[in-house]
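Engineer: Spelled out from the first residue to the last, the chains are:
Protein chains: 4
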Amino acid sequence: MNTFGRNFRSTTFGESHGKAVGVVVDGCPPGVALAEADIQPYLDRRRPGKSPLESGRQEADRVEILSGTFEGKTTGAPIALVVSNRDVRSGDYDALRDVFRPGHADYTWQAKYGLRDHRGGGRSSGRETLARVAAGAVAIRCLAPYGISIRGKVVEIHGATEPAAMEEEIIAARDAGDSVGGIVEVRAVGCPAGLGDPVFGKLDAAIAGAMMGIGAVKGVEIGEGFAAARLFGSEMNDPIGEAGFASNHAGGVLGGISTGQEIVVRLAVKPTPSIRRVQQTIDIAGEEQEISVGGRHDPCIAPRIVPVAECMLALVIMDAMLEQAKYRGLGATG
Amino acid sequence: MNTFGRNFRSTTFGESHGKAVGVVVDGCPPGVALAEADIQPYLDRRRPGKSPLESGRQEADRVEILSGTFEGKTTGAPIALVVSNRDVRSGDYDALRDVFRPGHADYTWQAKYGLRDHRGGGRSSGRETLARVAAGAVAIRCLAPYGISIRGKVVEIHGATEPAAMEEEIIAARDAGDSVGGIVEVRAVGCPAGLGDPVFGKLDAAIAGAMMGIGAVKGVEIGEGFAAARLFGSEMNDPIGEAGFASNHAGGVLGGISTGQEIVVRLAVKPTPSIRRVQQTIDIAGEEQEISVGGRHDPCIAPRIVPVAECMLALVIMDAMLEQAKYRGLGATG
Amino acid sequence: MNTFGRNFRSTTFGESHGKAVGVVVDGCPPGVALAEADIQPYLDRRRPGKSPLESGRQEADRVEILSGTFEGKTTGAPIALVVSNRDVRSGDYDALRDVFRPGHADYTWQAKYGLRDHRGGGRSSGRETLARVAAGAVAIRCLAPYGISIRGKVVEIHGATEPAAMEEEIIAARDAGDSVGGIVEVRAVGCPAGLGDPVFGKLDAAIAGAMMGIGAVKGVEIGEGFAAARLFGSEMNDPIGEAGFASNHAGGVLGGISTGQEIVVRLAVKPTPSIRRVQQTIDIAGEEQEISVGGRHDPCIAPRIVPVAECMLALVIMDAMLEQAKYRGLGATG
Amino acid sequence: MNTFGRNFRSTTFGESHGKAVGVVVDGCPPGVALAEADIQPYLDRRRPGKSPLESGRQEADRVEILSGTFEGKTTGAPIALVVSNRDVRSGDYDALRDVFRPGHADYTWQAKYGLRDHRGGGRSSGRETLARVAAGAVAIRCLAPYGISIRGKVVEIHGATEPAAMEEEIIAARDAGDSVGGIVEVRAVGCPAGLGDPVFGKLDAAIAGAMMGIGAVKGVEIGEGFAAARLFGSEMNDPIGEAGFASNHAGGVLGGISTGQEIVVRLAVKPTPSIRRVQQTIDIAGEEQEISVGGRHDPCIAPRIVPVAECMLALVIMDAMLEQAKYRGLGATG
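Protein chains in written order, with the UniProt record's numbering: chain B, 1 to 334; chain U, 1 to 334; chain A, 1 to 334; chain L, 1 to 334.
Among the clues, some could well be false.
Since the list gives no way to pick out one identical chain from another, each pair is judged satisfied if it fits inside one copy or across any two copies.
Claimed, not checked - No more than 20 Å apart at the CA atoms, straight line, and that leaves these computed lysine to any residue pairs for SDA-like:
| hint | residue 1 | residue 2 |
| --- | --- | --- |
| 1 | K19 | S84 |
| 2 | K73 | A20 |
| 3 | K153 | G294 |
| 4 | K153 | P30 |
| 5 | K19 | E64 |
| 6 | K19 | A165 |
| 7 | K73 | G114 |
| 8 | K153 | P163 |
| 9 | K19 | R276 |
| 10 | K19 | G72 |
| 11 | K153 | I284 |
| 12 | K73 | A165 |
| 13 | K19 | Q280 |
| 14 | K19 | R62 |
| 15 | K73 | P48 |
| 16 | K153 | A60 |
| 17 | K73 | Q110 |
| 18 | K19 | P30 |
| 19 | K19 | A37 |
| 20 | K153 | G91 |
Read the hints as simulated data drawn from the structure, not as lab findings.
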């Protein structure tokens, strides 16, 4: 299943070391001003090689719109966005052809499909998130006229919560041939009340699915999240006054529907599984092997997950906006 | 959206104080032995009024199979399961008709739909989970022949992790007219490797969406979950040997696909929002009101979420089993 | 797959000789006045036993709304509609337990599922259409405030096109222990232009799928239909003037999208496969058998397909109305 | 909605005069040998400009596989197929920018979206079918190892049924600045019994939706089709003997499920709406205009619909094969 969303549907394709990575965005409203320049900045933020703490893979990641716009506006037709792969050093991966890297999808994909494109993780590579970011950028563009904006940041790395300390943790891990995890927070401002569909289309359920679907994410929480388990009801409940909610422990969602407050989501990101330190694993024949994963890898993936998480949140919200608009667009129901 | 699942689809219906609550299970394989007696025990576990710490609402919650079986076996046709509502004291809720209970869906449903069935929360009531449990019981029945079983438990209440201490926390909260949150853990044993569909159908993403879609759940984590954010890669990665994985920090899922190990999920459950303690809110006219929520409520909802979480996990796994079976059933692809 | 529709979703359940037949309608807008009395007339029109030319099965077919309304209006929650089966003479079918009736689904269901509820066709019985009619009646109720109405009729029976001649054909067939086919026409008036979603969600494609999905239907055509194959373009094209289209050869759909004109659909209905005349078949062991199908059967099913076709058309149009409303409800897209 | 299928999902994109037309095929089983050379012949058959009776647009229509294969085999990842547009004479269409061509989607798209890419029909162009053919070619490749093959042909043009007479009808229409319709027949050989999902996923319903979703198709019939309306049940029913069905009036589908016989489908194709003869229409301001549609158009589109119809049938059957494989792949259900 490579399609995300019910109303605003993004179908991604492409492998790390194939010809291209891309996405088809279907269900975008007509009449939205959209050009490559609206999408490129998000890809640039996601792009590797921007700092010494990130993977050294050099990719221009230039997006091209193949369809769905006419004279600078969306037409309602599907929008195909494609990014070519260029800096493809598949040779780096020859040694990994028949070995399962711990913490990666190698073993499970082999178990599922009986074969796999091992080069750079193939389809399970983080490079696939490029397509999500491109689609999310379209959603962000669609949401802007409604005053909805989304912003994420890293709030914790390996236990550290101050920027300088976080950077030190990454450097120390890198120098040790190791990696570290972190926590990313994403917030959406300006969402109207009423987004989300009760029972199985809850806004928070959609968010949780979207976020846990990002590689390396092992936990998702909304508002107080796990801290809610340690609160009294009288602490957790957000009182309501004439001016609106007096607090936002709920994180902007009640009963699966947006309250109109800020939507607050946090993700737990595991340490990058690719590390230089020697690990124990097996090969495709089941024989034990020691492995040290070279190549170009981020010692902490959390910073690069920020734009991906923002874009996934945008996709969820845009989808909910369209769902909600159905009733409004229908008008009086008599 | 009241349907859950792509291959094993459960469509629930019913309100807390309507005539009935039920579910139609579509996509169940033919030939599975199934009777009311296979489903009833799960409803009994979920049923309120079993202990002094739970809601006093008395419901027999007898399930009836209306369709989809013939001579004791499923036929491949949709299975309709219905439970009548009996102990409906709608009068308890008259005072709440025009007032929004803090922490509940009252405000957001009104914002979304412009009207609502206020009696006992209507469709957003926890009573809707009865339908999920009925559907989940069918899934559990289907999974049994494959050696897959699921078991959940409460692992923390308001910070306490020992059974006696947890019970004390609930009693103290109840006596104070308050409520407390907790953490529920659910585990699935016996799943084959290969379940889950990469990119947007990841097994852990489906689990996260399913769990966050349970009312009162504010966080979901798999394996190490949020603790992964504080680990090194060398600690988090599960080494693989000839005998299989040497540890299970991943919680049974890598790259969105099951590893064949135990699947381990934890949910953060917020304190029951219905509390006797006076809270600040507004009514439908926007005027401020003080509210004390009477009626019959659990001071901690975590224990009653256990069977719901088990059943949702069963639904996700059964859905993934059918998805995976497509390729196997097709045989050699040449 | 027992669910129809993307936005207005109807999930049907129930077998001919089971406990009940029903449907869950999900996605109905809130605030629509709806009571059993709005649905019952459609079931009454579909009901067997109204004339000597129809099956003699006596069923009250009383519909009950189990959920989704509050104080006489829909709430946005799923609407469960159930009709109990009463006049169940399963014994009539004992002789057919292991024999495949020609022209019926007996052979194919056995091939697909390996077992089947043989009583009255089980799930493949025409009685399942009762659930479609109940759902369609809700759609018709929703469409009324927009001035959309739907009406069908039998236009041909066994080649005859005049009412008296059509009745004679049915009587002659019945008396000969045989059955006859016919053609049903359904028209929708009042649809706005713009319904239907290009490429794979075309309005006419959805209509064709809906109609061919009715048992006994072997052909579907829109507007000129098969006659279009014998026309020149200059005859087929509908000229457009200031007052609108000058003709309606297209049948109200161009490029898969409604033109605002009347939507005109015709269905080819095969002769009822259940006939008294002796036919050649095999039993479950593959041995040849002669069969004469007794029981209570319509010698021509076309008249009873009329309300079913109307209701399916209503479901398609309501679904398209909601799809279209998404863009309107979103407002200016900037 | 630009996605077709539930299990074998094809998402098409691209406009007649945009940069490219393409498709993402999701759900293809892993391990299928697939190269551009498997797809190109189908595009070549669909390609315009092969005969003097077809549109003179010159396109190489070279397909490129961007993703989803590795070392010549499918991997289970989505397969992106792209064809660049080259012979784009958009200037031909400048005169049509603000005028609605009769019989085309111009008016309805404008009504739906409020704007449109008028060049060559934009997204509603027959050129979009190129993407369907590419996807269908993948399905055909997948079906081959199971002995399933599909073949279509034109069986009638403007009433003529002999090849020479059919060609004469096309020439006469072309010379008169007019166009003619026809009937296409498609047959699938080798399908196992059991394909198709009862009630709303019937095989014939899926076929009807797929075929009516091809531009210019106004009618679909299976087996006897409309002729069934003029038969007795004793003529229509296919007797079953030890050697199987004795005839195939049903066209290979009973109760929505394949019988194992040949699947026989016929489509009514309307005359090409683009004709040189002067027609009455209006422009975007609602003012009446006379129009003569120049450019490069087929005087009869039926022959070029043959490969499209074949490919759509392949998509439906492959989807049903995967659906059916779910139960088989699951094995014994106990």
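Engineer: If a hint holds in the structure, say so; if it does not, say that too.
Structural biologist: Tested hints:
no.: 1; hint: K19 x S84; verdict: both (6 Å within a copy, 15 Å between copies)
no.: 2; hint: K73 x A20; verdict: between (25 Å within a copy, 17 Å between copies)
no.: 3; hint: K153 x G294; verdict: neither (28 Å within a copy, 42 Å between copies)
no.: 4; hint: K153 x P30; verdict: neither (32 Å within a copy, 38 Å between copies)
no.: 5; hint: K19 x E64; verdict: both (14 Å within a copy, 10 Å between copies)
no.: 6; hint: K19 x A165; verdict: neither (39 Å within a copy, 48 Å between copies)
no.: 7; hint: K73 x G114; verdict: between (44 Å within a copy, 12 Å between copies)
no.: 8; hint: K153 x P163; verdict: within (11 Å within a copy, 38 Å between copies)
no.: 9; hint: K19 x R276; verdict: neither (28 Å within a copy, 44 Å between copies)
no.: 10; hint: K19 x G72; verdict: between (27 Å within a copy, 14 Å between copies)
no.: 11; hint: K153 x I284; verdict: neither (39 Å within a copy, 37 Å between copies)
no.: 12; hint: K73 x A165; verdict: neither (45 Å within a copy, 47 Å between copies)
no.: 13; hint: K19 x Q280; verdict: neither (32 Å within a copy, 49 Å between copies)
no.: 14; hint: K19 x R62; verdict: both (13 Å within a copy, 16 Å between copies)
no.: 15; hint: K73 x P48; verdict: neither (30 Å within a copy, 30 Å between copies)
no.: 16; hint: K153 x A60; verdict: neither (24 Å within a copy, 48 Å between copies)
no.: 17; hint: K73 x Q110; verdict: between (43 Å within a copy, 14 Å between copies)
no.: 18; hint: K19 x P30; verdict: between (30 Å within a copy, 19 Å between copies)
no.: 19; hint: K19 x A37; verdict: between (22 Å within a copy, 17 Å between copies)
no.: 20; hint: K153 x G91; verdict: neither (34 Å within a copy, 48 Å between copies)
Checked against the numbered hints given earlier, this structure breaks hints 3, 4, 6, 9, 11, 12, 13, 15, 16, 20; the rest are met.
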